[in-house]
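Asks: Please arrange chain B on chain A, whose structure you already have, making use of the hints.
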Amino acid sequence: MPTLKRVIATIVIVIALVLVNAFMSKEGLFGFGIGAYPADVLMTLTINIILAVSLNLITGFTGQFSIGHAGFMAIGAYSSAYLVVYHAQFWERSLSGTVGSTVAHALIFLVAIAFGCLVAALAGLLVGIPSLRLRGDYLAIVTLGFAEIIRIVILNIDKVGGATGFSVPGYSNFIWVGGFAIISIVIVHNIIHSDIGRALVSIREDELAAEAMGINTTRYKVLAFVISSALAGLAGVLFGHYRQFLSTNDFQFIRSFEVIIMIVLGGMGSLTGAVLGAIVITIMPELLRKLPGDFSRYRLVVYAAMLIIIILTRPQGILGTREFSLSWLKRARKRPEGAQVVGGTSGVSIAEQGPPSAIDKEKDRENL
Amino acid sequence: MDTFVQQLINGLTIGAIYALLALGYTMVYGILRLINFAHGDIYMVGAFVGYFMAYQLGFATGPSLVGLSVVLVGSMIAAALVGMAIERFAYRPLRKYARMTTLIAAIGVSLLIENSFVARLGAAPRAFPQLLREQSYTLFGNAAISKSQILIFAVSIALMLLLQWVIFKTKVGTAMRAVSFNLNSAKLMGINTDFIISFTFALGSALAAAGGVLTAQYNPQIDPLMGILTGLKAFVAAVLGGIGNIPGAVLGGLLIGIAETFVVGYGQNVGIPSTFRDAVAFAILILVLLVRPSGLLGSTVQEKV
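Top line first, the protein sequences correspond to chains A and B. Note that the numbering used here has the first sequence beginning at -5, numbered continuously upward. Note that the numbering used here has the second sequence beginning at 11, numbered continuously upward.
Chain A on its own, in the form it takes in the complex (with noise of 0.2 Å):
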C-alpha cells in the first residue's frame, strides 16, 4: 500500500474510533448516543476479537491446539494491574505536573500495555519451550494445564486481591480498546503474510515436511506461542482497565473454550473468520436475552444448541479458511453468470475438504 493512502487509512480509523467512542459515552454524540448496555456488549466484543485473533495465529495457522487462552489473559490483566495499584500513583503525580493529567493517564496506560505483554510473553515463552514438544492433544491438555494452575497460583496471592478480586483503576476507553484491536489485527494479518507465515502455515500443513524443508519448526511455534501470549495478555490488560475489577472466575478454562468455539466457528485458519466467529460468540447470548417470557430462563441452553446446530451445518466453520474480502463482491458483480467463481474452490485445504480417514491418518501417525 502507497504511503498516502496508508496515512489515509489510519486517519480515518483514528477518527472513526474518536467518533464511536463518543457515541458510547454517556453524553453521546451531538445527543445520538447507545446507551450503556449495547456500548458494554461491543466492548467486549472488541476484546474477544482481539484473542481470537490471537489464537488463531498459534491455532488456526500454525496448527497448534492450545487451550490455554484464558492464563495468559490472566497473566495480563493481573500483571498490569499490579504495575498500575502499587507503583503508577507517583508516576501520576510527578506526569501530571509536567504533562497534564490526561496526557499521564495515557502514558502510564501505555506503560501498563507494554508490562502486561511482556510478562504474557515471558509466560509464553516459559510454558511454550517445553509444551511445544508435545503433539496434537497432549499439547491441548499441558496448555490447559498451565492455564489452570496460573489461574489457581493468582487466586492465592494475596497481594492482588485473592479470592476476593482486585479493584483496578479504569484507564480503557474504546478508543483504546477499538485501537488496539485494529493493530492485532494488523500485527497478525502481517505475519502471516510475511515469510514467517509461510513457515507457519506449512508446519500446519506437515509439521516433518516442513522440517525437512528447514524450518526452524521449534523456533517457529515457540515465536507463534509467544506473539499470540503477549496478544492475550493485550486483551487481558484492556478487559481488566475496562472492567476495573479483576476476579479468577473471569479466567476460568471455560473462556479458553470460548475462545476456541469462535475461531472454530469462524473458520480456524481465517482472520476474518476469527473476527466473525468473535462477533458471533459475543453476540448470540446477548440477543438470547431477548427470549419472550419463560424461555429467557432457557437462553443458554437454545445457546448452547445453536452452537451444535451451526457446527452441524458448516464444520469447516462459517468461512473455512478462506478470508472475506470486499473483492467478492466486485467479482460478483463484473461477471453475474460466473457465480462458482466466486470463493471458487481452488484454494480449499486438505484440511477442510476433510479426508474420511481423518481419525485413521492420526492413528497412523502413532502405529508406524
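Derived from the structure by calculation, the hints contain no laboratory data. Heads up, the beta-carbon is just placed ideally off N, CA and C, and yes, glycines get one too. Certain hints may be false.
Unchecked claim - Label pairs and their calculated CB-CB ranges:
hint	chain 1	residue 1	chain 2	residue 2	range
1	A	A206	B	L198	25 to 35 Å
2	A	H187	B	L198	35 to 45 Å
3	B	L198	A	M278	34 to 44 Å
4	B	T184	A	T307	33 to 43 Å
As the list claims (entries may be wrong) - Stretches of chain B that chain A covers, calculated by requiring three or more beta carbons in the stretch to come under 8 Å of a beta carbon on chain A:
hint	segment
5	93 to 104
6	184 to 193
7	278 to 287
Replies: For chain B alone, coordinates are given in the frame of chain A:
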C-alpha cells in the same frame, strides 16, 4: 502412620472414581481420537438419574441393598443411552471433518447438558438419598474405612475386571481394538464400525454413571455442574496414564486421587496451601509429560515419514 493410611484410603477412593471416568475418556479417545468433553456431564447425569430413580421408586426412604443395585444399574443403563444418543446425533455427522470440529461439538453438548440441568433443576446442590447404611470399620491403628468406600472399591474393581474381559475376551472387544487401531481397515474387514463406536460410548457412559452414583453415596451432594472439574481431572488422569491405554487410565486416576488428598492433608507442612488441590493434577501431568511425552504407560511414538 495412621493418618498416612487414612489419607491413602481416602485418596484411593477419589482415585477410583477418577479411574472409572478416565476409562471412558481413554476408550473414546482410542477409537475416535476425540476428547469427549461431555463425559464429565454424563457422570453428573448418572448421579441425577440415580437421585430421581431413588425417589420415584421409593428407595429413598431407607437404605437397602436392592435399592442401591437397582439405582446403580438403572442409572448406568440410562447414561449408556444418553452417551449413544450424543454420539449418534452430535459426533457421527462430523466424523469425516477435522477433529477440532467434533471437539467443538463436544463442548457444545457439554454446555447443553449443563445449562439444561441448571435451567430445569436450578444450580443449588441436592442431597442424595442414603442407599447404604453408613458404617465405619477400624483398620489397624486409627485408620478407618467406611462402608461407602468399600462399596466404591468393590464396584469399581468389579467393573474394571468386567471391562477388561469385554475388551480382551469377547468378539465385540476384539472389534473395538481393531477399530481403535484403524477405523477404515476395520470396516474393510466387515466390522460394523458405527455399532462398535456406539457400543464404546455406551460402555464409557455406563462407567461414568456408576462413578456418579458411587460418589453420591460417599459424598451425598449432587449439582448440575459437578461434572466439570471432576471430568477434567479424569481426563488429565487418562492422559497421565497414556491416553488410549486402559490400565494407564486406572493408574492415572488412582495417582491423581492420592496426590490430591495428600496435598490437602500434608501440603501445609511443606508450604502448599490446600487451595492448590485442583492444580496438583495438572502439575503432575505437566511434569510427567515433560519426561514421558506419551504418558506413564503410553507407547513412545517414533514418527516415520
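Asks: Confirm or reject each hint.
Replies: Hint-by-hint comparison with the structure:
| no. | hint | in the structure |
| --- | --- | --- |
| 1 | A:A206 to B:L198: 25 to 35 Å | holds (31 Å) |
| 2 | A:H187 to B:L198: 35 to 45 Å | holds (43 Å) |
| 3 | B:L198 to A:M278: 34 to 44 Å | holds (42 Å) |
| 4 | B:T184 to A:T307: 33 to 43 Å | holds (37 Å) |
| 5 | 93 to 104 | holds (count 3) |
| 6 | 184 to 193 | holds (count 4) |
| 7 | 278 to 287 | holds (count 3) |
Checked against the numbered hints listed earlier, the structure breaks none of them; every hint is satisfied.
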